[in-house]
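Novice: Based on the hints, put chain B in the right spot on chain P.
Chains P and B are the protein sequences, given in the same order. Residue 220 is where the first sequence starts when you use the working numbering, and the numbers rise one by one after that. Residue 86 is where the second sequence starts when you use the working numbering, and the numbers rise one by one after that.
If you're looking for bench data, these hints aren't it; they were derived computationally from the structure. Any given hint might turn out to be false.
The calculated DMTMM-like cross-link candidates involving lysine to aspartate or glutamate, where the alpha carbons are at most 25 angstroms apart (straight line), are [what the hints assert, rightly or not]:
#1 P:K283 / B:E368
#2 P:K283 / B:D310
#3 P:K283 / B:E96
#4 P:K283 / B:D342
#5 P:K283 / B:D421
#6 B:K160 / B:D242
#7 B:K162 / B:D310
#8 P:K283 / B:D92
#9 P:K297 / P:D330
#10 P:K283 / B:E119
#11 B:K162 / B:D342
#12 P:K283 / B:D326
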Amino acid sequence: MDIPASLRYARTHEWTSELEADVMTVGITDFAQDQLGDVVYVELPEEGARVAAGDAVAVVESVKTASDIYAPVAGTVKAVNADLESAPEAINEEPYGGGWLFRIAPDDASDREALLDADAYRAVCEEES
Amino acid sequence: MSTVPLDAVHEAAGARMTTFAGTRMPLQYAGIQEEHLAVREHAGLFDVSHMAELRVGGADALAFLRYALLNDAAKLKVGRAHYTMVPNDRGGLVDDAYLYRLDDADWLLVANAANRAAVADRLQDVATGFGDAHVRDVSDAWALLALQGPAAASLLDRHVAADLAATRKNATFATTFDGVAVRLARTGYTGEDGFEIFVPPSDVAPVWHALVGDGVAPCGLGARDTLRLEAGFPLYGHELDGAHDPRCTPFAWVVKDKPFAGDAGWPTEPACPRRLVGVRLAERGIAREGYAVRRPDGPEVGTVTSGTLSPLTRDAIAFAWVDGTLAAPGTALEVDVRGRAVGATVVDLPFFTPDR
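Only chain P is shown next, with the shape it has when bound in the complex:
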């Protein structure tokens, strides 16, 4: 189970990158993609959408189930990964790379600090597995 130390994590299995050019990249974790199994379809948020922390903003569908993806922080969606429309399997193959979901400009950059670090997130995964 890959849990990069440089990222922050939501209890609901989203990862959040460091702030780069005022936006943070968001995806689902290696643990989450493994639990979901083969991802076959993704619904992404609208660019420009205003979201609150904890809002359901995207849906990742595997063969067996549809899972809501939540905004880890409040902010504005600045970009979405349109490549996932034709290649949703990137979420399985590269959850921290080509399988990213969207980029968000946080209302308050310090909100990221309230998310889990890698050790705390690992404990969540161990609880759930």
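Specialist: Chain B only, in chain P's frame:
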């Protein structure tokens, strides 16, 4: 929770396990899509030892089964099997099942794991006072493997003495697999050619390992579900249940014209306010169980019972119960995919037919 005899084998092989009908079962090994395609293109091996097996015997067993089940057991010669259904008293089903005629008065009924007790109770009730017909639950005496796929016969041929090329679909016979006594049946529930292998629990591991060693893909219940759906086969608890009349489904052919247990509670001719249909979505999205079906821009007319993205064709396919007047192939519908109206069309079943 109970376990199947191969539980430790599945665990050691890294299968993701799930609890199904109270039994720990493998959900997937390499991944549902990969396993699904392995079955369509070569061969896959499923452990379906959780299924219920009931042995029916006695001089009146045939008459009893003709009355207890909807298909006509009299049509089965010794060594043959068919799909059938167990009726309730209210115009619905206790379960669907497969019936095997092992000998003149020796029958095997394989039912869904979740309905083991319900089917056993129902058959016992019907058998009471029926003369010489007795029903035994022998589920624990059998492990059951399903080898499915176009390469199944040639792979199995290396291990069994019988002439598999001469074995017809739905045939069943006793033989040996590498010296282990087994019962084979050219049956399955994936839409592919294949065999089910009934084997004593103590002997199942060598059979499993031999086939996996030959390059057969171990598969879980996840792929079994997408395969049966693609093949247009119903699943009890989804397409079929205690409330819906099976004569309002594409599987009405199972219901033969003869008296059956509980028929007083069934309408002579079903009205079919709703019919079970196959639908294919016209746009991206997946129709999941429970999603509403509507007329285009119109009122709700039905509900999805099972749906997935076909791993083979990449189409979103589903079963749905819809208004009986909207069941003709080609009828335009919409599925409410989490608030988004996605166009869909009623299509003929199966969704996929092997091109062989």
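Novice: Indicate, hint by hint, whether the structure satisfies it.
Specialist: Hint check results:
no.	hint	result
1	P:K283 / B:E368	holds (19 angstroms)
2	P:K283 / B:D310	holds (9 angstroms)
3	P:K283 / B:E96	holds (21 angstroms)
4	P:K283 / B:D342	violated (38 angstroms)
5	P:K283 / B:D421	holds (18 angstroms)
6	B:K160 / B:D242	violated (29 angstroms)
7	B:K162 / B:D310	violated (30 angstroms)
8	P:K283 / B:D92	holds (22 angstroms)
9	P:K297 / P:D330	holds (17 angstroms)
10	P:K283 / B:E119	holds (14 angstroms)
11	B:K162 / B:D342	holds (19 angstroms)
12	P:K283 / B:D326	holds (21 angstroms)
In the structure shown, a violation is registered for the earlier hints numbered 4, 6, 7, in ascending order.
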